[in-house]
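*Asks:* Go by the hints and put chain Z with the ligands onto chain V.
Heads up: the protein sequence lines correspond to chains V and Z, in order. The numbering of the first sequence is our numbering, which starts it at 592 and goes up by one. The numbering of the second sequence is our numbering, which starts it at 29 and goes up by one.
Among chain V residues calculated to face chain Z with C-beta under 7 Å, some are:
| hint | residue |
| --- | --- |
| 1 | I642 |
| 2 | R670 |
| 3 | I674 |
| 4 | L682 |
| 5 | I697 |
From the derived model, a few chain Z residues whose C-beta atoms are all more than 12 Å from chain V:
| hint | residue |
| --- | --- |
| 6 | L65 |
| 7 | A80 |
| 8 | D131 |
| 9 | P170 |
| 10 | N243 |
| 11 | V294 |
| 12 | I321 |
To be clear, the hints were calculated from the coordinates, so they are not data collected in a lab. Only a predicted model underlies this, so the values are computations on that prediction, with no experimental measurement involved. Just so you know, even glycine gets a beta-carbon here, dropped at the ideal spot from N, CA and C.
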Amino acid sequence: MIQFDNATKRYNEGYEALSQVSFHINPGEMVFLTGHSGAGKSTLLKLVACIEKPTRGQVIVNGVNIGRLWKRSIPYLRRKIGIIFQNHQLLNDRTVFDNVALPMIIQGVSHKEVGRRVRAALDKVGLLSKEKLYPITLSGGEQQRVGIARAIVNKPPIILADEPTGNLDPDLSKEIMELFQIFNQVGVSILIASHDIDLITKMNHRILTLEAGKLIRDGK
Amino acid sequence: MAEVHSKKKNNQITHTSIKGKTISYFIRHIQVFLFTLGTICRSPFASLMTTAVIGIALALPAGLHLILKNFEAVTANWDGAAQISLFLKKDISEEKVQKLTTDIAAMDEIENVSYISADMAMEEFKKHSGFGSSLDALDNNPLPDVLVIKPAIHSSSPEKIQRLMAKFRKNGMVDIAQLDMEWIKRLYSIMDVVRDGIWIAAALLAVAVLLVVGNTIRLDIQNKKEEILINKLIGATDVFIRRPFLYTGFWYGIIGGAIAFTLITVSIFILSDSINNLSGLYGSSFTISGLGISGLFILLITGLGLGLSGSWIAVGRHLKQIEPS
Ligand SMILES: Nc1ncnc2c1ncn2[C@@H]1O[C@H](COP(=O)(O)OP(=O)(O)OP(=O)(O)O)[C@@H](O)[C@H]1O
Ligand SMILES: [Mg+2]
Numbered sequence: 592m593i594q595f596d597n598a599t600k601r602y603n604e605g606y607e608a609l610s611q612v613s614f615h616i617n618p619g620e621m622v623f624l625t626g627h628s629g630a631g632k633s634t635l636l637k638l639v640a641c642i643e644k645p646t647r648g649q650v651i652v653n654g655v656n657i658g659r660l661w662k663r664s665i666p667y668l669r670r671k672i673g674i675i676f677q678n679h680q681l682l683n684d685r686t687v688f689d690n691v692a693l694p695m696i697i698q699g700v701s702h703k704e705v706g707r708r709v710r711a712a713l714d715k716v717g718l719l720s721k722e723k724l725y726p727i728t729l730s731g732g733e734q735q736r737v738g739i740a741r742a743i744v745n746k747p748p749i750i751l752a753d754e755p756t757g758n759l760d761p762d763l764s765k766e767i768m769e770l771f772q773i774f775n776q777v778g779v780s781i782l783i784a785s786h787d788i789d790l791i792t793k794m795n796h797r798i799l800t801l802e803a804g805k806l807i808r809d810g811k
Numbered sequence: 029m030a031e032v033h034s035k036k037k038n039n040q041i042t043h044t045s046i047k048g049k050t051i052s053y054f055i056r057h058i059q060v061f062l063f064t065l066g067t068i069c070r071s072p073f074a075s076l077m078t079t080a081v082i083g084i085a086l087a088l089p090a091g092l093h094l095i096l097k098n099f100e101a102v103t104a105n106w107d108g109a110a111q112i113s114l115f116l117k118k119d120i121s122e123e124k125v126q127k128l129t130t131d132i133a134a135m136d137e138i139e140n141v142s143y144i145s146a147d148m149a150m151e152e153f154k155k156h157s158g159f160g161s162s163l164d165a166l167d168n169n170p171l172p173d174v175l176v177i178k179p180a181i182h183s184s185s186p187e188k189i190q191r192l193m194a195k196f197r198k199n200g201m202v203d204i205a206q207l208d209m210e211w212i213k214r215l216y217s218i219m220d221v222v223r224d225g226i227w228i229a230a231a232l233l234a235v236a237v238l239l240v241v242g243n244t245i246r247l248d249i250q251n252k253k254e255e256i257l258i259n260k261l262i263g264a265t266d267v268f269i270r271r272p273f274l275y276t277g278f279w280y281g282i283i284g285g286a287i288a289f290t291l292i293t294v295s296i297f298i299l300s301d302s303i304n305n306l307s308g309l310y311g312s313s314f315t316i317s318g319l320g321i322s323g324l325f326i327l328l329i330t331g332l333g334l335g336l337s338g339s340w341i342a343v344g345r346h347l348k349q350i351e352p353s
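If we strip away everything but chain Z, and leave its shape as in the complex, we get:
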C-alpha cells in the first residue's frame, strides 16, 4: 500500500511543471549561496586566514601593476622631455645663430627652441659653480653657443627623433648634436621587464591562490566527512554534496578580492601624502590614481574565478574518496 502510495507521489512529482522545478532549483541555489556565506561569517577568524592570504596574493600583482601604471603616466609626461642640444661651432656671427634659431623654431617637428649664448652660459656658470670671478681670468669664453630644442609631441618617437638628429648633424654650423633620450629608452625597457615580471608574479600567485583555496576546501571536506557520508547514504546526489563546497570557494574568492582592493586602496591613501609632496617638489601636478570601479570589478572576478576553480579541483579530487562502506 505504501508503495502504491509512493508511486502516486512520484507521478505527481514528474507532472510538476518545468517552471516550478526551475524556481525550486534557483531557490535551492540561493539557499546554499546564503548558507555558505553564513557559515563563513560564523567562523570569521578561520575564514579570514584563507581570505587574507587570497587578498594579499591578489593585492601584490595588482598593486605592482598599479604602481607601474602610475609610473607610466608620469613618464608619459617625460616623453616630450627628450631634448636635443645643438652645440654650435665657434665664431659664428650673432645674426647667423639668430637665423638658425628662427629656422628651427619654424620647423613642424619642433615645439620650441631656446638659445643659450656662450656669454649667458658663462654667467650662469659663474653664478652657480662657485668659481665666481676667478673665471674672469680666462682670456676668452671656452663655452660654445647652445640651442636647446624640444621636439613636438607628435615627433617624439625614436625614429623621428633620429631623423631630426641626422638633419641637424648635416648643418654646417652644428658642431655636436646631442640627444638626451638614452635614459628614457633605458627606463622604458626596464619598465617592459618589470611588466613581464608582474605577469609572471601574477601567474605564480594565482597558482598559490588555487592551492590555498583547494587546501582549505580539502580540510573542509575532511571535517564534514561524516555529514557527507550520511548525505550519500540517504540519497544525496554528487551535485548536491558538491554545491556548498563550490559556493564556499566562490565566497572565499570574492572576499579575497575585496580584501585585495581594500589593501591597495588603503596603501594608496597612506602613500598619497608623500607622493603629493614629491610631485610638488618637482613642480608636477601628478596625483596617484587608484584602482577605480573597473579595478575592483577585475579583482572580484579574478578572486571569484580562482576561488571557484580551487574548490572545484579539491572537490573533484577528494569528494570521490568519501563513499559509505
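So here's chain V without its partners, still in its complex pose:
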C-alpha cells in the first residue's frame, strides 16, 4: 500500500530531512510514526500525499510512483488518501456539514449521496448533532473529529494523520486513537505520526521511529 525504497528528501536548504528510508506498509495495516521534533515525520507523510517529491529513491503509494506522478494526476491520488492535520485545516466560514462534504463536492457526488455519507461519517465520530454548527464554536477535540470525518467520508483506502492528538488531553487522545483503530478494523491502511510514545506503545501496533531523517527502528 505504501512503499519507501531508499527514499531521500532534501529541502532546498541542503541537508536531508529524510535519508535512505525504506519500509513497506501492507493494505489494512495500522502503523505509528514517531521521532523527535524535526526528525522528518511530517516530511515522510508529505511524500506519501505527494505534497513533496523524493529527491532520490522511490515512494510508491497505492501502486503509484510518487516521483513520476504527473501534476495533473496528483488530485486523483489524493482522493485515495484521507489526510488529518494537527491544526484541523477546517474552513471556518462553512458549517461542520459543509466541511465534511467538501471531498465529495470536489468529486461531483450527487446531492442525496452527499447528505447520506456526511451523516454516516459524522455519526462515526459522534458529531451528528453538530452538523449545522461552525467549527469555531466547537472544542479542539470536536474540531479534530470533524477533520477525521472529512478524511473518512470518501472511504479512502489510506488514512494519514499528522499529530492528530497534538493538543488534546490524554483521555481525548485515547478516544481519537481508538477511532482510528475502528477504521483500521474495516481494512483501511493507517499511518499516524505522533510523539506521544506512551499512548502509541499502548495501542500495540507497528511503530516506525525516525531520528534525524533516518529510520532507526521498525517494530512493535
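*Replies:* For chain Z with the ligands alone, coordinates are given in the frame of chain V:
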C-alpha cells in the same frame, strides 16, 4: 477489505453512463454559476466597486461612440446642405437670368435653384442690416444677382460637386461660383479623427477592465488561499478550483456591462430634453437615439469577454503559486 470495497465503487463510477456524467457535469457548472452570483450579491458594496469601474470604463467609449453616431445622423441631413452660390456678372438681362435659372433647375444633378435678384438682396439687406434708408444714397445697387443652387442628394459627393462647379465656372454669365462645403469636409475629417480616438480610448479602457478584474480576482484568490490549499489537499483538480474564479470574473463583466448600459441610458434620458429643445430651435426633427437591444447585447458580451479574460489571466498567474507544503 475497504480497498476491495472502494475498487468496486470505482468500477461502478467508470460504468456510469456518459449521459449521466454529462448531466452531472452541467449540474456542477450551474451550481458554481449560481453560487458565484450569490457570493457577489452577498457583498454588494465590494462587488459594486469592481463592477462600477467596469461599467464606467465600458460606458465611456460606448457613450462617445453613441454621441458620434447621433452626430453622424444629424450631419447626414446636412450632407445635402452643401450649396453652391453663383454670383452672376453685372448687366445681364432679366430674361437671360430666368433662362439660366430654368436650365439649371432642369439639370438632373440639381434639386432646386432659387434666384435672388440684386434688388431683392438689397431689400433684405436694408431690412436686416440696420442701415435702412441710408442705403438709398447709393446711386446704383452694388450687389450682384445670385443663384443659390442645392444639388440633389445623389450628386452631393465631393467629386460630383466639383464637376458641377467646373461646369458653372465655364458659363459666361457666372462671375464667381462658390461652394459652401469646405466646413462640412472639415467636420467630416474631424469626425474621422474622433472615431479613431474613440477606438484608441476603447482599447485602453479594455486593458483597464482586464486589469481591474484581474486584480479583484487576484485579491479574491489571496483571501481564499486557505480554502484553495485545503481543496488541493483533499484532491480537487485545478479545473475545479479555477471554476468559481472564472465564473466570478464572468459575472463581474456581465454586471459591468449592464451598469454601462444603465449609465448611458440614464444619461440620454437626462440629455433628451435639452437636445429636443436645441433641435426645435433649429427646426430639426432630430431625436437622440439610444443603444437599443443590440447595444445592450454588445456591452454585455464585451463585459463578459473582458471579465472572463481578466479572471483567466489572474487565475493562470496566481493559482499555481498556491500549493500545499
Ligand atoms: N518546506 C521546508 N523547507 C525546508 N526545510 C523544511 C521544510 N519542511 C521541513 N523542513 C525541515 O525538515 C526537517 C524535518 O521536518 P519535519 O517537519 O518533517 O519534522 P517533524 O518530525 O514533523 O517535526 P515535528 O515533530 O516538530 O512536527 C526539519 O529540520 C525542518 O526544518
Ligand atoms: Mg511535524
